[in-house]
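Novice: Sequence:
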Amino acid sequence: MQEVSDLFTKFVILLLQYNISILCFQVDTEVDAARLSPYPTLVVKPAENARSLLEGEPKEVELWFERRLLCNCPDILAGFSALFSAYYVFDLKYPKEVINTMTFLDGHVLSANKELKLGVSVQRIVNVLHA
19 MQEVSDLFTK
29 FVILLLQYNI
39 SILCFQVDTE
49 VDAARLSPYP
59 TLVVKPAENA
69 RSLLEGEPKE
79 VELWFERRLL
89 CNCPDILAGF
99 SALFSAYYVF
109 DLKYPKEVIN
119 TMTFLDGHVL
129 SANKELKLGV
139 SVQRIVNVLH
149 A
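Numbering (the working numbering), first residue to last: 19 to 149.
These are calculated hints, taken from the structure and not from any lab test. One thing to keep in mind: the hints can contain errors.
Said to hold, decoys possible - The calculated DSSO-like cross-link candidates involving lysine-lysine, where the alpha carbons are at most 30 Å apart (straight line), are: (1) 63 <-> 114; (2) 63 <-> 77; (3) 63 <-> 111.
My request is simple: use the sequences and hints to build the entire structure.
Specialist: Take a look at the structure:
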């Protein structure tokens, strides 16, 4: 389980290093609910600033849905688990802007959805990782 937790932490760091923002994920010290996506969104609050995540766990990890706080999570792994669970529980489809990222994380990293058919671009990433 530690390997999966480390993978998600590295995923967060990768997003930060390349200044990538994705619809279902946000790193910020404060949350402006009006600016959040109505989709389930994982909000990671670092201890000081976004770069402080390189040195340790975040101060808070929250799951928001329809611009309301749904739950607090103890760490990033639990946050991602809650994020994918929200899509399952509320029977939601991944937004088209992040479908490849979410499909990859859900279908390959978490192995939560074994029947999930990976798209061609996602399958290429999986093949490279296994090479």
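Novice: Indicate, hint by hint, whether the structure satisfies it.
Specialist: Right, here's what the structure says about each hint:
1. 63 <-> 114: With a Cα-Cα distance of about 25 Å, the restraint between residue 63 and residue 114 holds, given a limit of 30 Å.
2. 63 <-> 77: 6 Å, holds
3. 63 <-> 111: 26 Å, holds
When held up to the earlier numbered hints, the structure conflicts with none and fits them all.
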